[in-house]
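Enquirer: Here the protein sequences line up with chains A and B, keeping their order.
For the first sequence, our numbering begins at 1 and goes up steadily by one.
For the second sequence, our numbering begins at 1 and goes up steadily by one.
Some hints could be false.
Unchecked claim - In silico EDC-like cross-links for lysine to aspartate or glutamate, where the CA-CA straight-line distance does not exceed 16 Å:
1. B:318 <-> A:273
2. B:466 <-> A:327
3. B:369 <-> A:273
4. A:466 <-> B:593
5. B:369 <-> A:327
6. B:596 <-> B:99
7. A:596 <-> B:456
8. B:489 <-> B:428
For the record, the hints were derived by calculation from the structure and aren't laboratory data.
Protein chains: 2
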Amino acid sequence: MKRWLLLGFSGLLLGSAAGAMADEGMWTLDHLPVKQLQQRYGFTPTPQWIDLIQHAAVRLAEGCSGSFVSADGLVMTNHHCANACLSQLSGNGHNYMADGYVAMKQEDEPKCPDVELNQLDSITDVTAKVNAATNGKSGAERIKAERAIDSKLEEQCVAGDPKTWRCDVISLYHGGRYALYKYRRYQDVRLVFAPEQSIAFFGGDPDNFNFPRYDLDVTFFRAYVDNKPAKTPQFLKFDPHGPKAGELAFVVGNPGSTQRQTPWIQLSAMRDDMLIPFYGYLSDLRGVLWQYGRAGAQQAKEAQDMQFGIENTLKVFKGWLETLTNEGFIEKKQKDDAALRDWIAADPARRAKYGDPWAELAKAQQRGKELQDRYMMIAGGRGFGVGTQLFADAMTLVRGAAQRAKPDAERLPQFRDANLPAVEQELEAKVPVYPEYERTMMAWSMEKMRQILGADDPFVHATLGKQSPDELAKTLVDGTKLADPAVRKQLWDGGEKAIEASTDPMIVFARQIEPTATKLRKQYEDEVQAPTTKADEAIAQARFAREGTSSYPDATFTLRLSYGKVVGWKEGDHEVPPFTDFAGAYTRATGADPFKLPDSWIKAKGSLDLSTPFDFVTDNDIIGGNSGSPVVDRDGHAIGLIFDGNIHSIGGDFTYDGSNNRAVAVDTAALMEAVRKVYKLPRLADELASGHL
Amino acid sequence: MKRWLLLGFSGLLLGSAAGAMADEGMWTLDHLPVKQLQQRYGFTPTPQWIDLIQHAAVRLAEGCSGSFVSADGLVMTNHHCANACLSQLSGNGHNYMADGYVAMKQEDEPKCPDVELNQLDSITDVTAKVNAATNGKSGAERIKAERAIDSKLEEQCVAGDPKTWRCDVISLYHGGRYALYKYRRYQDVRLVFAPEQSIAFFGGDPDNFNFPRYDLDVTFFRAYVDNKPAKTPQFLKFDPHGPKAGELAFVVGNPGSTQRQTPWIQLSAMRDDMLIPFYGYLSDLRGVLWQYGRAGAQQAKEAQDMQFGIENTLKVFKGWLETLTNEGFIEKKQKDDAALRDWIAADPARRAKYGDPWAELAKAQQRGKELQDRYMMIAGGRGFGVGTQLFADAMTLVRGAAQRAKPDAERLPQFRDANLPAVEQELEAKVPVYPEYERTMMAWSMEKMRQILGADDPFVHATLGKQSPDELAKTLVDGTKLADPAVRKQLWDGGEKAIEASTDPMIVFARQIEPTATKLRKQYEDEVQAPTTKADEAIAQARFAREGTSSYPDATFTLRLSYGKVVGWKEGDHEVPPFTDFAGAYTRATGADPFKLPDSWIKAKGSLDLSTPFDFVTDNDIIGGNSGSPVVDRDGHAIGLIFDGNIHSIGGDFTYDGSNNRAVAVDTAALMEAVRKVYKLPRLADELASGHL
C-alpha cells in the first residue's frame, strides 16, 4: 500500500490532531503518549526500549519503512518496497521480480542499484531558530527565509559528510514545532532474499486492501559498509512464534502524510479540483498499461511496476472519495470548523491575532483552481513523461544544473548539497531502459497535456510543434543517449555548460520546458501554497490555543510509533478474525493468476505445518509509508511485518475509526516457516533466530 | 456530442421545469411557448409552420436527430451520427469513415446496414388512460401495470404493422402527463455523401465542446421506400446563405435527457455513487483503446468508434462534475428543495397528500448504493463485454428468447412486439466483427468485474471459473459462430428451444449470466427505481401544485423545439464572436492530426470564397441527442446543422445559463460551398437548391 505522493498535496495540508482516543495516533519518538500506554496497556516504555526501536527502524528513501533484524545489517521490508531493485537486477533470462531471489551464500548478495536506507540518529528541536528566521515574513519572502534557515541547519548537521549523514528540518504540528532529523545513510544495500511475486502479492489487486490475506510480502536486504556487512547492534530480535490475539503491538515506521486537521474548505477543494481529475488521469493510464502489458511477457514486465503503483493509488483514491463524500464526515468537519471560527469571533484579541484565515484559504484555493492544470502538467511533469526514465533524467539534469549554480539556501530541497548524493546515485544507477515503454508513456502524457491544456495553449504549441505526440515521443526517445549512465554522469558533472552545449534531443526538450516549469512552480508557491500555509498555520495555532498540545502531529514521512492490539473487526454482521493460516492459502488458490501459488509452495505443502499463522490484523493507526514497518511487542521483538491496511484504513488519511480501521501484517511465524521449509535457506533462518550471520 | 445514456440514470431523474427565463426551454410541439416567442421575437408560429417542422424532423433511432431537406427523402444529419454506417460499409481497402463517401449517381447510394429513421406522425394525450391503469398501485405491481397499459396502447397504435409504425408512451413532466408518440419508420436508409473525418471532426477531441470551430460535421442520407427514394413533401428548404448575427433561430430535434428539476439529494447520490465511479471506469477504458489503436491502422480503425464516444462522454462527465460540485449551484438546489418541503409542511392537507418523499428518496438511494455495483456489472453488462458485438448479440438472443416467451405486456420494452423489427434489423445486419478487439473488450470488462465485485463474489467465481479473463475471452470469442448473421438469425428464429439447445460458447456463457442479470434488474427496479419514481412523482406533483404549468418537461429523447438567436458570448474578459469562416480553418491547420485538413480542401483552396461562414453559435437550449438537428429560421428554412454545444452547455443537463450556454452549428452556406466546390457534387448541391432530385 505504498501511496504515491500527489504533487501539490504534500506540505500543503498539514494540521494537528487533538483529543486522540482509542488506539489512535502516530507519535514522534521524543513525545510518546506515556499516560495512555500506561492506562490502556499497563506498559511504560523505558529509554532503552525507545532507543532500540529508534535505531532498529530504517526508512527506505524512496518511500517505505523497514527494520534491522540482525546485528549484521540484515533488513526486513516488503517485497513491494523492493520492486524497483528486483526489476533492475533482472535480465539475461532472469526475472527476480516474478521468480524471487535466494542468495545461498553471502557472496551471492547483489547490490541494488538504487536503494538508500536512512537510520534515525537524532531529533533536535529547532523551533526557536526557525521562528527567529521567518518571523514577520510572508509570501515569497517567507519561503525564501525558511529555505535559507533549513539549508543552514541541515548543512551544519551534515558537517561536511553528506555521504554518511542526511539531515532534514521537519515542520510538525504545521509549524507549531520544527525539528531537525539526522539520519545515517546506507547506500550500499544488497539483496538477500525475495520470494516469488505470486506469493508476495497473492490475491493481487483483487485482494489488495482486503483481509483475509495470504501474502508473504517480504524482502530481506543487507546494508553494507566498506564492502562488509554493516554492524547494527541495535536490532529487533526475531520472534519465530508471532503474536497472540489481543496482544499489545507497536508499529514503528514512517507514515507518509495525513490530513486529519485540515479544514473542510481545503478538503472539498482537494476533492473537486485535484482528486477527481487525477482519479480520471490515473484510470486512463491504468488502461494504457493494462493493454501495453498484454502484448507479451516482456511488455508485462516493463509495465508491471507502474501498474501496481497505479492500482494501489486508485484504491486509495476510491477510499478517500468515499470519506470525502460521506455526509456524516462532511457535517462533522463543518461543525468543527464553525466551532473554531466562533471561538475566534467571540474575542476581539483573537480576531486581531488570527484574522479570517478561512477567507484567505478560499481565495488561495480559487487561485489554485485557475493555475492548477498548467502547474500539474508542466511543472509537475504530468504532461511529458509520467513513468518514464529518460525524460525524468533529462529534467533532473537540466534542473539540477541550474539549481546547483545557485547558493545552497536558494535551491529546491532536492538539490541542496546535503541531498545531492541521493540524486547522483539515482542518475548513475545502471537501470534498464525500455524504449517502447518510454515512447508510450511520453506519447500518452503529451496527448493528455494537449487535451487538458488545449491545443491553443502557446506552451503546448511551442513544445509539441507540428508533430503528433507519438511522432515527437519517437524522435526524443530514439534520439537520446541518456539511457547510458556514463552520458548522464558526464552531463551531471559538466553542469550548466554541458547542459547548454548538449544537442541530445531529450536535453534540448527539457531545456525548453524548464523555464516555464520554474515560473509556474514559483507562481503556484507564491499565489497558492504560501497563502495556504499562512492561513493553515493561523488555524493550527488557534486550534492549539483552544485545545492544548497533548496530541500527535499529522504524518510527515518521519519516524512514528503507533500502539494497538491484535484484533479483528466486524464487517456488516460478520466477524473478521484477526489471523489467517497456511492452510487457508491452499484453499484459496485457484491455479490462475493472481491466485496461483508458486511451485515452491505447491511442492513444500507436505512438509509445512499448515496451522502456521500467515497474516494478521491489528488496530494500529498507520498509513501509506508504513509499508515494511516491523510490528514490535513489549519486549522490543519483531512479531510481524506491516504490508497493507484494510479498506477502512484508507479513510485514515482524514479520520481514524478504531472500530474498523486495521493494519495488515505478515506473521513472523510464517516468515520463519517459509524461509526454512519452502525456500530451504537455513543461512537466513539461522541468522533470524540467532541475530547474527 | 452524442451523449451515451447511462444505464440507471434514464427514467430515474425526470422532473419538471418552472419559470423558464431567457431563451430557455425544450418545448414539445403541442405546447409551444407562444407568448414568450411573441414577446421576445414578435413571432407567432402558424399551424402550418408547426406541421412542417414536425414532419421535416427525423430521429435516428440510435440516438441522434436529422431533417428532410428535399422532397425526395434527402436527410441531413451529422457525420458523427453516421459513424456506425460509415465503418460498417468500409472494407476491401475502403475506409469511408476516414476518406468520406461521395455517391456521384443515385445508383451509387449504398444501404446502411443498421440505420433507422423515425418521423413523428402524431402526439396523443393518454394521461387519463395510464392513470386509470396504475391508480393506487405501487412498487413492482405498479411497474407491471404501467408496462401493461403502455404495451396495450402501443400495440393498438401500431395496428398490426410494426414495420411501418413505431409507437412509444412517453412520461412527460415526470408523470404529470403521458403522451403516445407515433412514428413513421424508415429502415431502408442509404448513404449519399459524407466528407472526410478530418474535416467533419477537424480539431478532434481537443476542440470538441469548444468554439471557435471549423467542422463540416455532416452526412447526407436518403430514405427509401420500396427501393425508391421516399416521397417527403414536408421538408426544410435549404438556405444557401445561412443566418445573420442576432437572427431568431429554432432548433428542432430530440434532446436526450435533462435533470433540471431533480432534487439535490438525488443529484448528490448520482454524483458520488454513479458519476465518479463511472468516470474512472470510462477513463480506464479510454486508456485501453488508446493503446489498442496504436498497434496499427487496422487497430486504430477498430477502436475509433468507441474511442470517440468515450472521449465525448468523459468531457460531458467533467462538465457535469463541475456543475455538481459548484457551491453556488448546490446552495440553490438545496434552497429550492427546502422551500418546497416547507410549503408541504405548512399545510396538513399537503402533508397528508405528499408525505415525506425526500425521506423515501434517501432510503431508496441508500439501497441503490448497496446494489449498484452488482447491478451495473452484471445486469448492465459492464462486467462482460462493454463495446463488444458478439457478447451483446448473445445477450440479445438469450434475453430475447426468454422475453418473447412472455405476454407482450410483461416484456422489457425493447422486446415488445412493436420494437422487434429494430432488434431484428440489428441482429441480421452484416457488420464486421474484429476478433482481437472483441477479446480485448471482453477481457478488460471481466477483469473490471472481478476487481469491482471482488474475486470472492460467488457470481464472479461461477462465471469466470478458474480461467483468467484473457483466457476466457479467447475461449469465447474464438469459439463462437455468432459473427455470422445467418447463425444469429437461426438462433433468433429458433426462440427458446434453439437457445437451450445451443452449444455455442458465447450463448452458453450468456445463458449462465441471464438469470442473475434478470434477478438483479428486478431487484433494482423494485427496491430502487420504483420507490424513487414514486417519491419523485410526489415531489413533481407538489411542485406543479405550487408553481403552475407554464413550463417545459425535462428532455426525453422526443421531438422538442427550442428558440434563440445567433449570438456569441463572453469568456472571461474576452468576447467570442458567433461566426467562423473558411479562412480561419486554413489558418488553424497544422498538417498534423487532428488539425490536418484533407487533401480535397488543400486542393480546393484557390477556388473557394474564403469569407464563407463555416460554423456558428446560438443561445438555443439544447442537449445531447440534438446532434444532427437542423437550425431553422422563421420561414421554416434550414440555416444550419447542430453538431455540438460549447463547454458551458454541458451543465445544461442540470441548469440553463443563457449568458454562456451555446449551441454550435455548421452554417448552410458552408455546406453549399463545400458540396459544390470541394466535393464537386452538383447533383447534391442542385437537390439542396431546388428541393428535388
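Enquirer: A separate judgement is required for each hint: does it hold in the structure or not?
Expert: Cross-check of the supplied hints:
This hinted pair checks out: residue 318 of chain B and residue 273 of chain A have alpha carbons roughly 11 Å apart, not beyond 16 Å. A hinted pair counts as satisfied when its Cα atoms are at most 16 Å apart, and residue 466 of chain B with residue 327 of chain A does not qualify at roughly 40 Å. Restraint check: the Cα-Cα separation between residue 369 of chain B and residue 273 of chain A comes to about 24 Å, which exceeds 16 Å; the hinted pair is violated. For the hint linking residue 466 of chain A to residue 593 of chain B, the alpha-carbon distance of about 9 Å falls within 16 Å, and the restraint holds.
In summary, the hint linking residue 369 of chain B to residue 327 of chain A is supported, as the alpha carbons are separated by about 14 Å, within the 16 Å threshold. A C-alpha spacing of about 13 Å is found between residue 596 of chain B and residue 99 of chain B, which places the hinted pair at or below 16 Å, so the restraint holds. For the hint pairing residue 596 of chain A with residue 456 of chain B, the CA-to-CA distance comes to about 15 Å; that is within 16 Å, so the pair holds. Restraint check for residue 489 of chain B and residue 428 of chain B: satisfied, since their Cα atoms lie roughly 6 Å apart, inside the 16 Å limit.
When each numbered hint is compared with the structure, violations occur for hints 2 and 3.
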